[in-house]
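Enquirer: So you can see what is in the structure, the chains are spelled out below.
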Amino acid sequence: MRTIFKTRYEQDLTLARHGGDVFWYGLLLVVMIVIPFVAGEFYVKELSGLLLFSIAGVGLMLLIGYTGLVSLGHAAFMGIGAYANAALMARGVPFLISLPAAVVITAAAGAAIGIPTLRMSGLYLAIATLAFGGIVENIFSKWDSVTGGFDGLAVKTPEIFGWKIAGTDGVYYLSLIALVLVLWVSANILRSPLGRALVAIRDSEISAQSMGINLSRYKTIAFAISAGITGLAGALWGHYQHHLAPDGFNILFSIQLVTIVFVGGLGSLHGAIFGAIFVASLPQAIAIMRDYLPSKLANLPGLEPSLFGLILVLCILFQPSGIYGWWLRLKTYFINFPLQRKASSRRQKSYAKSERLR
Amino acid sequence: MEDAARLLQLVVNGTAAGCIYGLIALGFVLIYKATEMVNFAQGEIMMLGAFVAFSMVATFGLNYWVGALIAIGITAVFGYMLDVVVLRRVIGQPQFAVVMLTLGLAFIFRAAAGFIWGYDPVGFVTPFTNQTVRMGGLVLGADNLSIIVGTVVLCAVLYVFFSHTRLGIAMQASSQNQLAAYYMGIPVRTIFSLIWAISAGVAAGAGILLSPVSMIDVNMGILGIKAFAAAVLGGFGSIPGALVGGVLVGVMEQFAGYYLPPGSQDVASNVVLLVTLILWPQGIFAQSQRKRV
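Same order as they appear, the protein sequences are chains G and F.
Just so it is clear: in the first sequence, position 142 is 1058 by the working numbering, and no numbers are missing.
Just so it is clear: in the second sequence, position 4 is 44 by the working numbering, and no numbers are missing.
Simulated from the structure, these hints should not be mistaken for lab results.
All of these numbers come straight from a predicted model, not from anything done at the bench.
Treat the hints with caution; some may be incorrect.
[Claimed, not checked] Which chain F residues face chain G? A few, computed with CB under 8 Å, are given here:
id, residue
1, Gln133
2, Gln135
3, Ile148
4, Ile265
Glycine is no exception: its CB is placed at the ideal position from the N, C-alpha and C atoms.
All chains should be built: construct the whole structure from the sequences, respecting the hints.
Expert: Right under this line is the structure:
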């Protein structure tokens, strides 16, 4: 077991806890930078998708995992970001302005849906965001002048100071930069007073309120930040897909995003990444599995959503702390190696917390 | 006169659609009142019920009424088992875990139905298909009327059950206060499973009533989302509220489809839902309550 002995105040301020963190995360970053030079185009494209899912996952994690507000309509924010960016670029706005503008527009949309839903508790919020997602999806297909209606909207190639970011490698590096930026910002938010306030709201609204946290203000901020990050993922998603279709941002997509958060592990940024790896690689795994399944099962059109559903169900029933929780258990096992105790990984018995007055 | 007939037609169609929403919402409310869980798979259970009825009537050639009753029974048993096998385990987990769990179940049910019954819409002949009823110069579809009458009958049966039988009163008691009910010797866990059974049975009834009007297919569970609007409008804790909410949503949808630009019918229920939640975050018919710390 590593004990961190702090001798300087700066050690409290750094993001990396110790040299090992710096080494491993640095190595990961170097590997991620090198990959397009060694891997084939197919893998780079799949990895870009994974990076974009990770960005959206981090955005949703801030809302669900850290603030405890469940949103079943986050695909709508992703769509707003994608359409805002593409529509601005189609009107001749340069990429360096349209991307932040898309993030700001999505954050504003998030705040706009956040404010009226503040008074709702968990369940009603989930239903309200579900309805919001449905409405936005409909707007995408009906607002022809901006979104191109059912024909969709072609997304222009981004250009920075006359340098075109074309091809899969360009999108990959854009996504990588965005993800690193988002992770850095989120990690810093989470250890600032803002992040502490969000966690306090998640754990108990009433005690947070009595500690002087302005609930409506912080919930709106959480919604805006989460929507903004998801909008960034959406804007890049547009460049990744090259073409936006209104039915691409439906309820199933929202549920995929929530699956990232749940399967990855609630309440950790690592979880968002692990969940994104899972969600991005599942379709590939299914494609490989199809060869080994009986033909009737393999050609079932609903195989992918049902596997998503099944894994979600199994995860909630048997591994509520997600992949990250499982990883932490594995890590503790090896760190304590011959001295591990079974009791340290046992799940505590939990009881229903009633929201009713009895 | 033309307008009045048109209006009445819209109201009848809307009420019929609304009754279906109301019945699904009734299932939400029963389960929510008892266990504080929300079943996002309620629409899918309705779809399963309709498919089972289709198998009974079209495949096995049973009489419509017998087939419908058997289908309701099978779906109710299914609901009971669902609670015993899956949902009982998540008691004590956060509410949104249950939301995600039932959403996951919904996708599994859809794929299972597609696997068993295929992805093409199917239908079966009911005594109400393509029949009309004349009432004082008005021509109304028997299918729509059958939905309204069926809903009223189903609700009357449920009302008598909940207010006049021992089991029904035990259910009310367990919904109001689990602990006190338990002390009184009521087997609360079995009662909860039975409530799941009733709510699944009601959903199956809704699916069967719907079958003369629309084809049965894998995606009919989408209606469940519209039923949320009904349940929310009714306050999520009130059984008559759910039915009234359902009828309101159904009628508003019809009027939106007739008077507003195309596409508004699809979003009408979502808009109603969102506006209701913004104006009355706890629903219209909700009793005012504060959360205990």
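Enquirer: All the hints need checking, so say for each whether the structure fits it.
Expert: Checked hints:
{"no.": "1", "hint": "Gln133", "result": "6 Å, holds"}
{"no.": "2", "hint": "Gln135", "result": "5 Å, holds"}
{"no.": "3", "hint": "Ile148", "result": "5 Å, holds"}
{"no.": "4", "hint": "Ile265", "result": "7 Å, holds"}
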